[in-house]
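Position chain C against the provided structure of chain F, taking the given hints into account.
Each chain, written out:
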Amino acid sequence: MKKNPPKPTGFGPVSWTNPRLRAVLYQFLAIGGTISLFTFFAMTARTNLENQHIASGFAFLNHTAGFGVIQTLIPYTEQSTYGRVFWVGLCNTLLVAVVGTVIAVALGFVIGVARLSNNWLVARLATVYVEILRNIPLLLQLFFWYFAILRPLPGPRDSIVLLPNVFLNNRGVVMPAIGTTQATLGFVLVTLIAVIVGLILRRRGMKRAIESGKANNLGRIALALIFGLPMLAIVALGTPFHTTPPTLETFNFVGGWQLLPEFIALTVGLSLYTAAFIAEIVRSGILAVSKGQTEAAYAIGLNNVQTLRLVIIPQALRVIVPPLTSQILNLTKNSSLAVAIAYPDLVSIFAGTVLNQTGQAIEVIAMTMGVYLVISLATSYAMNFYNARVAIVER
Amino acid sequence: MNNRLVAFLVGIVIGAATLYFFLPGPPTSFSTAAPSAETQAPSVKDAKPTAVAAATLDLVRSRGYLQCGVSQGLPGFSNPNDKGVWSGIDVDFCKAVAAAIFGDPAKVKYRPLSAKDRFTALQSGEIDLLSRNTTWTMSRDTSLGFDFAGIIYYDGQGFIVKKSSGITSASQLAGATICTQTGTTTELNMADYFRGRHMPYKVLAFEKNEESLSAYDNGRCDAYTTDASGLHAQKLILKNPDDHIVLPEIISKEPLGPLVRQGDAQWTDIVRWTLFALINAEDMGVTQANVEQMKNSDSPNIRRLLGTEGAYGDALGLNRTWAADAIKAVGNYGEIYDRTVGPETPLDIPRGLNALWKNGGLMYAPPIR
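Residue numbers (the numbering used here), protein chains in the order written: chain F, 1 to 395; chain C, 1001 to 1369.
Do not rely on the hints blindly, as some may be mistaken.
What the hints assert, rightly or not - Selected chain C positions facing chain F (Cβ under 7 Å, derived; list incomplete):
hint, residue
1, Asp1104
2, Lys1116
3, Met1138
4, Asp1141
5, Gly1145
6, Gly1175
7, Arg1197
8, His1198
9, Met1199
10, Gly1219
11, Val1246
12, Ile1250
13, Lys1253
14, Arg1261
15, Ala1265
Hints are computed from structural coordinates only; laboratory data are not their basis.
Cβ coordinates follow ideal geometry from the N, Cα and C atoms, glycine included.
Chain F with its partners taken away, still in its complex shape (with noise of 0.2 Å):
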């Protein structure tokens, strides 16, 4: 290198001792060179599925699926297409990440404030739940939970009552089913009134607690709203929802709603697992906030509850949220193992049943891949959403 190079116009003098000519060579080079590799697998891959006969292209996504689906959250027939196996299956894998994950979040938080905690019965208890639960392999849990919770149960016609018109048997939870009727419409316009006036209340009773310094009762005011007007509403309108109670025939109940042992045993496992290591990062984000802030907080008068709601907390939220999107995104991956105890999720029905229908393994593999890479990348981008906001802003 010379001292002084003379600044470039353009890209110099062509010539090989041009570090910036060169430098674009190199890319272009580069990224020749990656596409024409994968082309190169493209070609491959088409010409030996040419030379085995093996059918290629999505046009199986309209062909008719012909095999039944236990648990489907949008209309499914047999006559559905393979397409509409795909949908089935995305909303059943979306069920359980989304109902998983609140479990886990909310189990991993108390755990973790609990291994903290001075009673030493709870942070013992707490601690061997973590070691357990989070060195014995996942599928052996959910095996594990399945067939827990399928030995003890009784059939459907000895059913354990739970509630009226609730029934648990070793078919899943059955309880009467919820439908419309005329005041429906009008119970959930009032209600959704009811709580945006509220939460604006609420909103406006806080900003003027701090300006002045004084406690005020708006928040009070908006919960009575936020409650009594759809009671209101009940009482002008009539019954907003009713019910239908399932009916016991030959084999099971039949109308009402029913959750699923699958269902029940995948969440449970999933969410217990993933529990255990989101219990161990909120213990380490708590630990990351100095004893300083503690004592401070005691100093000012803070009660247990206050100094970790208001102070510790809100800091280790800087240190919590980016592990727990990962153990967020672990758990929606995870749910893949539905298969094992036949839940029928995404990979179960559509990456098995419909791959060993079609055969279209390269389609169908990438779909469901791809699947998966938009569902991650989406959390984590609310994640950091979220982590942008909690996290401290420096002044």
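Just chain C now, with coordinates in the frame of chain F:
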């Protein structure tokens, strides 16, 4: 300086690679099915290599053993014992093919495959032959890129229920929850059966048979469905086999057979004619015990089968004694049947459709001549 040198070299390599891949057209020598098919000259005289997936036989020979896809454990068909030794009708067929090629039935490696993974394993060339109670259907034969070599077992789908349920016929199953294995024709047949009769039903499809059966045993399902042969085999594994009853209805045709990748006619012929040889052997009374004596039989049919007359093995690229080697290894079709699913086993499934054509069954093999 060093960095730039490295970058320069990498650039040259990538550039050269780019040129190489763009100039000579599709580089077929990188095919997944037969990595060295093009470069290796076919050593067998009558081998007719097709474009890419040629000469599976050469591959098997150079590897030294046959890769055979089997089930993960279905008594009577392919099942490992406590020492990991495989047995069953599908396993015996693998041995027969290995014996026909190598003269040694031990030159097989078994690859246990779930119903879900079996086709991908064959398509990708991970196995040479899928001998895994697989139903011959049109879509599998045509759009999946396979050739079925024949039918080794005529099966049909049935149901098993608890005796206490009081069910005596499949037509009473309206509203039932039924356990099965995912990725099988059973899943589809069941859907067709119930749909055709406008009966509601619920299907619970597991990846592995064990879990499926266990869920049925624990009362999660009202019925369990699979091929009738499988029902007899799996009934024995239930906690109280006598509490269960196999329903009389057979709701589908399930011709089970070995299959290979499409496109290698020679390999398909080897597998197909090994099966035919076993059936022909039973037809002609050639057994594992008498195969050596039979080589000197007066019957021209037997002499052709066992390679004493003619050169039928040459056309397959095998020894002339290929069929004799296979029979010596595992016996004829009837002996295999009796030993694996028939009277010598707890399954004790009657021959039924699987009897020879002259005994009222469907087993019939074209002549070797």
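Now the hints, each set against the structure:
The beta carbon of Asp1104(C) comes no nearer than 29 Å to any beta carbon in chain F, farther than 7 Å, and the hint placing it at the interface is violated. At its closest, the beta carbon of Lys1116(C) sits 5 Å from a beta carbon of chain F; the interface hint therefore holds under the 7 Å criterion. Of the supplied interface hints, the one on Met1138(C) is violated, with its beta-carbon coming no nearer than about 12 Å to a beta-carbon of chain F, more than 7 Å. Among the interface hints, the one on Asp1141(C) is violated; its C-beta lies about 10 Å from the nearest C-beta in chain F, farther than the 7 Å criterion.
For the restraint placing Gly1145(C) at the interface with chain F, the shortest Cβ-Cβ distance is roughly 4 Å, inside the 7 Å limit, so the hint holds. A hinted interface residue such as Gly1175(C) counts as satisfied when its beta carbon comes closer than 7 Å to some beta carbon of chain F; here the least separation is about 5 Å, so the hint holds. The interface hint given for Arg1197(C) is violated, since its Cβ lies 13 Å from the closest Cβ of chain F, which is over the 7 Å cut-off. Among the interface hints, the one on His1198(C) is violated; its C-beta lies about 12 Å from the nearest C-beta in chain F, farther than the 7 Å criterion.
Below 7 Å, beta-carbon pairs count as interface contacts, and Met1199(C) has none with chain F, the closest being about 11 Å; its hint is therefore violated. The interface hint given for Gly1219(C) holds, since its Cβ lies 5 Å from the closest Cβ of chain F, which is under the 7 Å cut-off. Because the beta carbon of Val1246(C) sits about 18 Å from the nearest beta carbon in chain F, more than 7 Å, this interface hint is broken. At its closest, the beta carbon of Ile1250(C) sits 20 Å from a beta carbon of chain F; the interface hint therefore is violated under the 7 Å criterion.
Given hint, Lys1253(C) at the interface with chain F, is violated; its Cβ is 16 Å from that chain's nearest Cβ, farther than 7 Å. Contact between Arg1261(C) and chain F, as hinted, is supported at the beta carbon level, the nearest pair being about 6 Å apart and thus within 7 Å. Hint on Ala1265(C) is violated. Least Cβ distance to chain F is approximately 13 Å, over the 7 Å limit.
In this structure, the hints that do not hold are numbers 1, 3, 4, 7, 8, 9, 11, 12, 13 and 15, in rising order.
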